[in-house]
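Undergrad: Residue numbers (our numbering), protein chains in the order written: chain A, 1 to 505; chain B, 1 to 505.
Hints were generated in silico from the structure; no laboratory data involved. Treat the hints with care, as some may be off.
Copies of the same chain look alike in the list, so a pair counts if it works inside one copy or between any two.
[Said to hold, decoys possible] Restricting the straight-line Cα-Cα distance to at most 30 Å, the calculated cross-link-like pairs of lysine-lysine (DSS-like) are: (1) K249 - K112; (2) K340 - K78; (3) K205 - K112; (4) K140 - K214; (5) K47 - K78; (6) K26 - K249; (7) K25 - K140; (8) K188 - K140; (9) K140 - K210; (10) K25 - K104; (11) K33 - K104; (12) K388 - K364; (13) K388 - K188; (14) K26 - K404; (15) K42 - K78; (16) K439 - K17; (17) K26 - K140; (18) K112 - K388.
There are 2 protein chains.
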Amino acid sequence: MFFQLDSDKMSAARLDKKKTLDLRKKHIGPSCKIFFSHDPIKIVQAKGQYMYDETGQRYLDCINNVAHVGHCHSDVVKAGAQQMELLNTNSRFLHDNLVQYAQKLQATLPDKLSVCYFVNSGSEANDLALRLAWQYTGHKDIITLENAYHGHVSSLIDISPYKFHQLSDAERNQFVHVAPSPDVYRGKYRADHPDPATAYADEVKGIIDKAHEKGGKIAAFIAESLQSCGGQVIPPAGYFQQVAEHVRKAGGIFISDEVQVGFGRVGTHFWAFQLQGEDFVPDIVTMGKPIGNGHPMSCVVTTREVAEAFMSSGMEYFNTFGGNPVSCAIGLAVLDVIEKEDLQGNALRVGGYLTSLLEKQKEKHLLIGDIRGCGLFVGVELVRDRLKLTPATAEAQEVIYQLKEEHVLLSADGPHRNVLKFKPPMCFTTEDADLVVEKIDLILTELENALGLKMHSISNVEKESSKRKPPIDENGHQHDDGLVQRKGSGQAAPQQTKQNKRLKS
Amino acid sequence: MFFQLDSDKMSAARLDKKKTLDLRKKHIGPSCKIFFSHDPIKIVQAKGQYMYDETGQRYLDCINNVAHVGHCHSDVVKAGAQQMELLNTNSRFLHDNLVQYAQKLQATLPDKLSVCYFVNSGSEANDLALRLAWQYTGHKDIITLENAYHGHVSSLIDISPYKFHQLSDAERNQFVHVAPSPDVYRGKYRADHPDPATAYADEVKGIIDKAHEKGGKIAAFIAESLQSCGGQVIPPAGYFQQVAEHVRKAGGIFISDEVQVGFGRVGTHFWAFQLQGEDFVPDIVTMGKPIGNGHPMSCVVTTREVAEAFMSSGMEYFNTFGGNPVSCAIGLAVLDVIEKEDLQGNALRVGGYLTSLLEKQKEKHLLIGDIRGCGLFVGVELVRDRLKLTPATAEAQEVIYQLKEEHVLLSADGPHRNVLKFKPPMCFTTEDADLVVEKIDLILTELENALGLKMHSISNVEKESSKRKPPIDENGHQHDDGLVQRKGSGQAAPQQTKQNKRLKS
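Model the full assembly from the supplied sequences, consistent with the hints where possible.
TA: Shown next as structure tokens:
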């Protein structure tokens, strides 16, 4: 599908792609990775759930949760542009945008969460949450989840096993404790466990007890309300309540990281922590990515008690850009659009439709081990073996690469990089869902043919899977069964079959 | 001076001021301070070097270095608005704005500094600089300057004595070492020292030696190229070269924090570290505030060697908003305006003119102890006594408050909060300089009359001051001589005289 690029703005594609790539190699930190590194995409324009490359080729965007209300939404652009013309300054001056935005944001949260700090990124938000917790409790130890990712500043690398698993023990922070991910598909306690919520919460209790034995004191438990990079994990309901009870009993507080999953994405609720039940209220909520539809902004909301304790240190908190009138105008516009266009309702409806389509695919494709999600936050975990749960890492990468050739953007994540992640702009439609699932169906069919996987034994497999035991040392990095390393991609992928070639032509 | 508020956009003043203030108290973290807390200003519009309150009253802005090329500069607004309409996404896609901006920024720097990381704030930049230093050197210890401020995330509170001086020793980071501020007015080695640059650099050498004795290893020395919050301190030329030599010999690197002072503000050079001489090149430069004229963006630039070492850890660096096409379009526009309007030249000319006016005031007012600055980065240190250097903290606050009543925005900072800080938008004019200095003259005259300070002994004082010794325990918080605490302001201020009252009516 092609798009007429706005010719007035064709300065948007000024350099040829090779030149862009060469300059990038020269001047941008090599640790900053690019999508599809063997053949990256140059995007010059975007609208709604679609992105367009320099040739006008359209891509269906299933991954950019930051473009929450749709890429370049006109209401958001207008709000930002108008305010940029009027005033953009720091929050040491009084401004209505700041207080009206705080008020509107607060109205989406339980009453108790009433005090806001505006910052510039999810990382700044989570770092401030830690500072608040340390100051309020006077304690130092933090409990985080296995595979968690909370941001890129140094204090957050310390609490992000998704990042620090690469580090030696000596480089790890001794005040950080890692609890098992409450993953009922692949984790320590699974769907067949009578009460996984309690079992996982008891693990946290055990960590607290151990920390106490060593003289540690718990400042906070931090978790994404649904783990995103960690593999689209949906914790069992009741888990957070029990964890909060254990943590608060130890004098600590509960931080809900909603950077990836907040703002109506889960469909039934505005905040993902609310999936756990109305009786659960965290002490701090951090927000980020979707909050400004791409504009750099972010927020920490907490209770009056925590905020007063933070102030009592006597240390001022000043954030140069945080809460400036432009950011707040944009934030207000995003909230307005979510409401006006019923995007939370859309997430519920389209997310439900997408999940039902995927469930049908699971009946058809052995490679699909699990479908899990809420609203437009959906994970499809690919496995080589439904009993052993062998991660189908290479296959997941192949799906992603082939979808890209088909002009659909999807990504794979989780500790084994075998979970297809859906987190599209919230204006995603049922037609979009049909399109991407149809393409996944074709790609999986071909992959399964290449791997000799057939669905004939499905009923036995399903029976067996209810008796599953933890997989033994499956690291997801085996490249046998016709799988080869894709040149330059750094990722394993199946050998090209005829159909693969056709898909790419 | 009054201004016709743009009536189309009068939504800009939607709430009455009391309501804005009440909502702020309810919903914004109490640690987030406001200017002139006993009677804060509500700003609704700004242009160039002027800000306007909700009544249309104009204020001359001498403090907002963030609005670098002038508040709401039309080129910057246009660049941002146009790009917001087209595309705003992350840097995992190729985009010309990112690479062209990196290229243009690099061209302002020594060749060796060629690799950029785009982030969202000065704090994110300085935190990343520490991560780069730790990874490159494999060392952990950081040397920072007395009174330094490098940002609000937890790793930067650790290296900011301006902040952590409030903390107990137990709360301080044991890997952080504090070197004396190279302040030749009030510091350990002064203008009368034969070689203060070497003396201050030798202090750093001493710290390195002590750290080594205890088994420490130096990762980096970090300093603002000119200390800003620390009191507008201009380090003696040659200091950075010698420090860099000591630090590099110990296996560490040199980080120049240009967050406050970069982008041509110093007039003679684009970067303030260049004031030290062409033979000085830091290993990392961090940028912030002025880079996007208020848009939340920031950058770290380093050498290929440091960047490669960071990559070799295997850990990807991803920053959701950093380097997005809108931020880069804005950054490019800012660089273009600086060039097109010769704002660096303007900083040199107007800054020189401002400094010469202030020097004349120093001849007239005993309260002025020191004038120091480069371009449009100027500090005026107020003292009660030119021999003892007793900080005139309350007087500095009174100047600020009275200037506000006169619709001029200035601030006071430094460890004793007695340094008047000029860092206006770069379009500041000689007329603006005349206006603010004339008002300061009136205020100081009145203050000196109230305090009974006369200039009669000036020549003796000046003679004495060349034999100065370090002041004994001057904390700047004495409120005698008719000075009382201003109610609600939390700041000390002189009693109102008749003229004070007139100024405020």
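Undergrad: If you test the structure against every hint from before, which numbers come out violated?
TA: 18
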